[in-house]
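> If you count by my numbering, then the sequence shown holds residues 3 to 450, one letter each, in order.
Rather than coming from a laboratory, the hints here were simulated on the basis of the structure. Take every hint as true, because none was put in to throw you off.
What follows is a list of derived Cβ distance ranges for each label pair:
(1) PRO178 with ARG113: 38 to 48 Å
(2) LYS296 with SER130: 37 to 47 Å
(3) ILE394 with SER450: 19 to 29 Å
(4) PRO178 with GLY98: 54 to 64 Å
(5) LYS296 with GLU92: 34 to 44 Å
(6) GLN260 with ASP346: 13 to 23 Å
(7) PRO178 with GLU43: 16 to 26 Å
(8) LYS348 with GLU18: 55 to 65 Å
(9) GLY392 with GLY98: 56 to 66 Å
(10) ASP247 with PRO178: 41 to 51 Å
(11) SER431 with LYS312: 25 to 35 Å
(12) ASN42 with GLY219: 30 to 40 Å
(13) ARG54 with SER130: 31 to 41 Å
Because the structure is a prediction, the values reported are computed rather than measured. Virtual Cβ for every residue (Gly too), placed ideally from N, Cα, C.
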Amino acid sequence: MSELRDIAARLVGVAEADGADDAIAEATDSRTHLVRFSNNEIDAVNSWTESRVQMFVAIGKRTLASDLRDMDNLDSLVRELVANARRAPENKGYGGIASGRFRYRLGKADRAIVNIKDPSKHVHDAISAAQSEGAENVGGTLFIRHTRTGIASSGGALASDESADAELSVRAFSQPEASGQTVSCTPRLSKLDASRAGARAGELSSKAKDPVQGEQGKFDIIIEPLFLGSLIHSTTRMMSAMYVDIGRSMYAKKIGKQVASKEVTIIDDPTIPSTSQRAFDHEGVPTRKNVIVKDGVLKSYLHGTSTAKKFKTKSTANAGMFIPTLFSIPTEPMAFHPVVKPGDWKTDELVADTKRGLYLNNTWYTRYQDDSTGEFSTIPRDAILRIEDGEIVGAVKNIRVSDNMLNLWKSVDAVSKSAQEVFWWDEASPPSTLPTLRIREMNVTRSS
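Can you build the whole structure from these sequences, using the hints too?
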């Protein structure tokens, strides 16, 4: 890994020699295995490697970033980037980059993942388990990744990191309109439970058979971690100080105020073993655990150096990835690994305690009518199960949850003991460790 760190340090030196006041280079090598399956069979197996350098430079308040892929001509590309930065307009929101002498935790990649030759066995296990629970058609993807990173900055950052992860997604159908989806995400191959994931997807698909048009009205909803992952995606994005600053957050002016029920504590913690564990943010600041919401009270926004200066506070080590635009700021803050603190309930107890409600497996197309107020809608997908008097009595389809996100979080009244790491496409992103929630009296409408 030291060679990537050395490449990054060299490129920072090139940028400074050409006149950059600030520079950050993050060099990455990654290897990915993909197994794709559908109709109960593997239909594609592929592997690829990728090398890149993300480079940020600033001359005064003139900032520029680029994603460099030509690894044979990095020095000349950095010089060109610095020359272009001189012509860029001033970025009034730029407040510099982090500086100091940093100490890092060294990342360790599971060698079983790094050395894997053929991950297909796990796919076969998932398919077989789903079929044993009544699924007729099973599909999905298995990604196996190994990533090495080196970072350097003119502020003093200099570090290497390494990670490896396995991400299995299984979607099972018992009928064309009856499906269930599960994931198994882990930084250790020994923890990849393909059979359990497949069995759960198959079980959900069987429970979702013969769905009828869902009713409109107010329902208690029980949402699985995969569903919650989509909500966390948009919720933590709005906890970024940048989104607060530009008026696209429902959390503006709410530090110290109740923004969720007392059952809810939300943490960002990329230091725990997970598929998004990382040693530093994209400015090179060592990552740490940050409590964002504690017992329903908003404690902090997510900050990098620029937003921290504007808000007169300190960076939370959440500087985000560079965006290659004329107004590039390397500190667009982002959550790396959100965690919702588990509660006291078993999942079957949540169902047994619900008189009239819906059990929701997954969702997509979570969209906001107004970011600043939190008005949103989302379309449940896969198993949508109807609960009457504490029992699952059937399945429904074609519904939409249309409510207010602040109201949703304030209406959480029960949280499961168990939690699961989830990551799926762009909906349940970034990887998060989440429990099952019950939320009272959500507004449900028809989706078609």
